[in-house]
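> Sequence:
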Amino acid sequence: MEWLTEWKKLAWIAGLFLLFFYLPVGWERFDHAVLEALHLSRWYAREHVLLCLIPAFFIAGAIGVFVSQASVMKYLGAGANPLLAYGVASVSGTILAVCSCTVLPLFAGIYRMGAGLGPASAFLYSGPAINVLSIVLTARVLGLELGIARAVGAIGFSVVIGLLMALIFRKEEAAKAAARMALPAEEAGRPLWQTALYFAAMVGILVFANWGRPEQSAGLWADIYNAKWLVTSCCAAGLGIMLVLWFKLAWWKAALAALPVIALAVLLPEQPLLAFTAGSIGLSVITSTDKGETGDWFASSWDFAKQILPLLLFGVLIAGLLLGRVGEEGLIPSAWIAGAVGGNSLGANFFAAFAGAFMYFATLTEVPILQGLIGSGMGKGPALALLLAGPALSLPSMLVIRTVLGTKKTLVFVSLVIIMATISGVLFGALFG
Numbered sequence: 128m129e130w131l132t133e134w135k136k137l138a139w140i141a142g143l144f145l146l147f148f149y150l151p152v153g154w155e156r157f158d159h160a161v162l163e164a165l166h167l168s169r170w171y172a173r174e175h176v177l178l179c180l181i182p183a184f185f186i187a188g189a190i191g192v193f194v195s196q197a198s199v200m201k202y203l204g205a206g207a208n209p210l211l212a213y214g215v216a217s218v219s220g221t222i223l224a225v226c227s228c229t230v231l232p233l234f235a236g237i238y239r240m241g242a243g244l245g246p247a248s249a250f251l252y253s254g255p256a257i258n259v260l261s262i263v264l265t266a267r268v269l270g271l272e273l274g275i276a277r278a279v280g281a282i283g284f285s286v287v288i289g290l291l292m293a294l295i296f297r298k299e300e301a302a303k304a305a306a307r308m309a310l311p312a313e314e315a316g317r318p319l320w321q322t323a324l325y326f327a328a329m330v331g332i333l334v335f336a337n338w339g340r341p342e343q344s345a346g347l348w349a350d351i352y353n354a355k356w357l358v359t360s361c362c363a364a365g366l367g368i369m370l371v372l373w374f375k376l377a378w379w380k381a382a383l384a385a386l387p388v389i390a391l392a393v394l395l396p397e398q399p400l401l402a403f404t405a406g407s408i409g410l411s412v413i414t415s416t417d418k419g420e421t422g423d424w425f426a427s428s429w430d431f432a433k434q435i436l437p438l439l440l441f442g443v444l445i446a447g448l449l450l451g452r453v454g455e456e457g458l459i460p461s462a463w464i465a466g467a468v469g470g471n472s473l474g475a476n477f478f479a480a481f482a483g484a485f486m487y488f489a490t491l492t493e494v495p496i497l498q499g500l501i502g503s504g505m506g507k508g509p510a511l512a513l514l515l516a517g518p519a520l521s522l523p524s525m526l527v528i529r530t531v532l533g534t535k536k537t538l539v540f541v542s543l544v545i546i547m548a549t550i551s552g553v554l555f556g557a558l559f560g
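Just so you know, we're using our numbering here: the sequence shown kicks off at 128 and counts up by one.
Note that these hints are calculated values from the structure, not bench results.
In this text, a Cβ means the ideal position worked out from N, Cα and C, and glycines have one as well.
Among the hints, erroneous ones may be present.
25 Å max Cα-Cα, derived BS3-like pairs, lysine-lysine [unchecked claim]: (1) Lys433 with Lys535; (2) Lys298 with Lys135; (3) Lys380 with Lys418; (4) Lys433 with Lys536; (5) Lys355 with Lys375; (6) Lys201 with Lys298; (7) Lys201 with Lys536; (8) Lys355 with Lys418; (9) Lys136 with Lys298.
Here are the simulated distance ranges between beta carbons [claimed, not checked]: (10) Gln321 with Arg297: 35 to 43 Å; (11) Gly283 with Glu455: 45 to 53 Å; (12) Leu558 with Val152: 46 to 54 Å.
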């Protein structure tokens with residue numbers, strides 16, 4: 128079979144050669160699409176890797192180290208109270224307010240720690256889909272009907288998709304649950320309230336560091352936005368204190384990590400990203416060099432980063448090449464998409480759900496995109512279908528989900544999202560179109 132291996136190598140080399148030989152460099156649309164891919168990747172690296180993914184990696188790593196498998200199975204496992212498990216998973220997005228990529232490390236963390244496929248799938252969908260700010264913005268910009276339909280549909284979707292995933296793969300889940308039940312009981316660690324405060328501090332950093340600017344300059348959302356970095360700093364300071372008091376991290380290490388953060392915050396208050404980056408680097412250094420629990424925490428977080436980050440960046444690059452950024456075009460002309468989602472037909476709803484599932488939407492960007500599409504003739508049904516499928520999925524997120532769930536489960540999950548979004552769009556279009 129050695130000759131077959133050599134022929135495969137030759138095929139790869141020949142394929143790459145032909146790809147570069149016929150590369151359409153000089154074609155205006157291709158050149159622009161390449162630039163859009165690079166622009167989107169740069170924007171993603173600046174806006175999401177530092178502020179979204181790094182905190183999410185640390186949270187996911189903490190789930191693997193500081194949350195017992197027994198606790199995850201008790202509340203989210205296959206044998207957990209379904210009302211509690213699906214209830215918690217289905218409304219998680221109202222707290223997290225993350226995009227389809229940021230939720231992935233958190234999903235991988237709870238799934239690997241023993242969460243049932245159903246509740247984990249509900250969490251995976253609801254995390255980016257049920258975002259209070261985006262639902263409010265949808266109602267304000269696109270109309271109250273779409274805002275309510277999005278909120279109700281997203282919560283219902285997460286539960287139904289989770290239940291269907293658990294039902295379809297019930298034999299595998301039963302075998303996995305039985306194997307985990309045979310594991311010896313874990314010893315109780317620190318008090319639950321300490322672990323809860325520790326996670327609350329990290330979630331606070333993730334949520335407030337990514338708090339978006341509201342349309343209006345006055346009101347509650349605007350007040351929170353104006354204080355976002357102060358609140359983020361308080362959460363970070365609380366996290367540092369907890370690491371010293373409860374996780375036995377040397378106080379001088381925490382102080383060394385905090386000094387550059389404080390200096391940058393004081394000297395360059397108009398560039399908070401620099402202080403945030405210094406804090407992320409400092410936390411990584413002091414935990415990676417520790418031989419205790421915090422060292423295990425960093426190792427677990429780094430494992431998630433190695434697995435997830437390269438796939439996300441590659442997926443964002445491809446998404447930018449094909450679809451471009453908001454207001455720009457990639458290889459696929461936006462006119463094709465706008466023309467395919469006109470009216471409220473079954474085909475228009477399916478195309479909106481399918482296209483939305485592969486597009487990458489940063490938090491809140493789906494609203495201005497839809498505003499433009501509706502202005503170009505998009506029906507209300509396809510608009511809802513895209514709202515229900517788009518924020519919850521993307522090509523980058525699919526690549527990562529496959530590494531966690533496998534190809535078969537990923538295909539079923541994506542198909543369920545697209546089918547349910549299509550059906551919801553058809554019904555909504557018939558009633559309100």
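> Mind checking the alpha carbons of Lys355 and Lys418 for me, to see if they're no more than 25 Å apart?
33 Å, violated
> Quick one, are Lys201 and Lys536 close enough, alpha carbons at most 25 Å?
23 Å, holds
> Using the beta carbons of Gly283 and Glu455, state whether their distance is inside 45 to 53 Å or not.
With a Cβ separation near 34 Å, Gly283 and Glu455 fall outside 45 to 53 Å, so the hint is violated.
> Could you check the hint for me, namely that Gln321 and Arg297 are 35 to 43 Å apart, CB to CB?
For Gln321 and Arg297 the Cβ distance comes to about 37 Å; the hint holds.
> Between Lys355 and Lys375, is the straight-line Cα distance small enough, at 25 Å or below?
Measuring from Cα to Cα gives roughly 29 Å; hence the hint is violated.
> Between Lys201 and Lys298, is the straight-line Cα distance small enough, at 25 Å or below?
Measuring from Cα to Cα gives roughly 20 Å; hence the hint holds.
> Holds or violated: are the alpha carbons of Lys380 and Lys418 at most 25 Å from each other?
Judged against 25 Å, a Cα distance of about 13 Å means the pair holds.
> Would the hint linking Lys433 and Lys535 be met if the CA-CA limit is 25 Å?
It holds: about 23 Å lies between the C-alpha atoms, which stays within 25 Å.
> Mind checking the alpha carbons of Lys136 and Lys298 for me, to see if they're no more than 25 Å apart?
39 Å, violated
> Take the C-alpha atoms of Lys433 and Lys536, compute the straight-line distance between them, and say whether it is at most 25 Å.
22 Å, holds
> Given a hint of 46 to 54 Å, does the C-beta separation of Leu558 and Val152 actually sit inside it?
49 Å, holds
> Take the C-alpha atoms of Lys298 and Lys135, compute the straight-line distance between them, and say whether it is at most 25 Å.
37 Å, violated
When each numbered hint is compared with the structure, violations occur for hints 2, 5, 8, 9, 11.
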